[in-house]
Amino acid sequence: DAKTTQPTSMDCAEGRAANLPCNHSTISGNEYVYWYRQIHSQGPQYIIHGLKNNETNEMASLIITEDRKSSTLILPHATLRDTAVYYCIVRLFGNEKLTFGTGTRLTIIP
Amino acid sequence: DSGVTQTPKHLITATGQRVTLRCSPRSGDLSVYWYQQSLDQGLQFLIQYYNGEERAKGNILERFSAQQFPDLHSELNLSSLELGDSALYFCASSVGRGITYNEQFFGPGTRLTVL
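Taken in order, these protein sequences are the chains called A and B. Heads up: the first sequence runs through residues 1 to 110, numbered per our numbering. Heads up: the second sequence runs through residues 1 to 115, numbered per our numbering.
So that you can see chain A by itself, here it is in the shape it has in the complex (with noise of 0.2 Å):
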């Protein structure tokens, strides 16, 4: 699976879009992009995915790039309850397993 590459942390004021980057600058044809939140130490909660078309569901939105190399989680209107570390994830069709980095910890701001 590709590897990604995420700030570390970041701060969003309540009530505003949060637009989480991440870098996947070798990610390979057949291979998604996924994005987890983890509150707390609550377990990890799926959010979106996509090949390559912009995704939308009732939680956020993803943009991806048209070359792949990058991609950015929306989140539309930030509340408190966003405040979570979020991962990107790059994973191959057919391979199950989730490889989570460090991810980027989100902190919603009053």
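In case anyone wonders, no lab produced these hints; they're calculated from the structure. Just so you know, even glycine gets a beta-carbon here, dropped at the ideal spot from N, CA and C. Be aware that one or more of the hints could be misleading.
[Said to hold, decoys possible] Take a look, some chain A residues computed to stay more than 10 Å from chain B by CB distance:
1. Thr8
2. Ile63
3. Thr72
4. Gly101
[To be verified] Label pairs and their calculated CB-CB ranges:
5. A:Ala13 x B:Glu103: 28 to 34 Å
6. A:Arg16 x B:Lys57: 38 to 44 Å
7. A:Asp67 x B:Arg111: 40 to 46 Å
8. B:Asp71 x A:Thr8: 28 to 34 Å
9. A:Gly101 x B:Thr15: 28 to 34 Å
10. A:Thr8 x B:Ser65: 17 to 23 Å
11. B:Gly16 x A:Pro76: 47 to 53 Å
12. B:Ser80 x A:Arg16: 37 to 43 Å
13. A:Ser41 x B:Ile60: 17 to 23 Å
14. A:Glu14 x B:Gly3: 27 to 33 Å
15. B:Thr5 x A:Glu66: 40 to 46 Å
Using the hints provided, position chain B relative to the given structure of chain A.
Chain B alone, transformed into the frame defined by chain A:
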């Protein structure tokens, strides 16, 4: 609530001992995964079972073993415990193989403390 249950929530034991962690997957999920989260190593994949068979192995120590039973619940056995085994152990489940995407649902974890 992810639908994945893990017991016990907390476990305190001594070095050299053996413990068993239990996981019940979501109803209908055939795959079970075990992950370890320690302060120095982060979240690491240990092992996966699919419908009773071992499917993938990660950085699981030889002192650790797992199995998945016919009712699909899984147990992770940790033996000859060392101080460094203190960690959060997460179980996750998913529908299984053969589909494009396999979202994993994580349980609340078992916090193991080895004294």
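Exercise for the section: If any of the earlier hints don't hold here, list their numbers in rising order. Expected result: The structure conflicts with hints 4, 8, 10 and 12, although it agrees with all the remaining ones.
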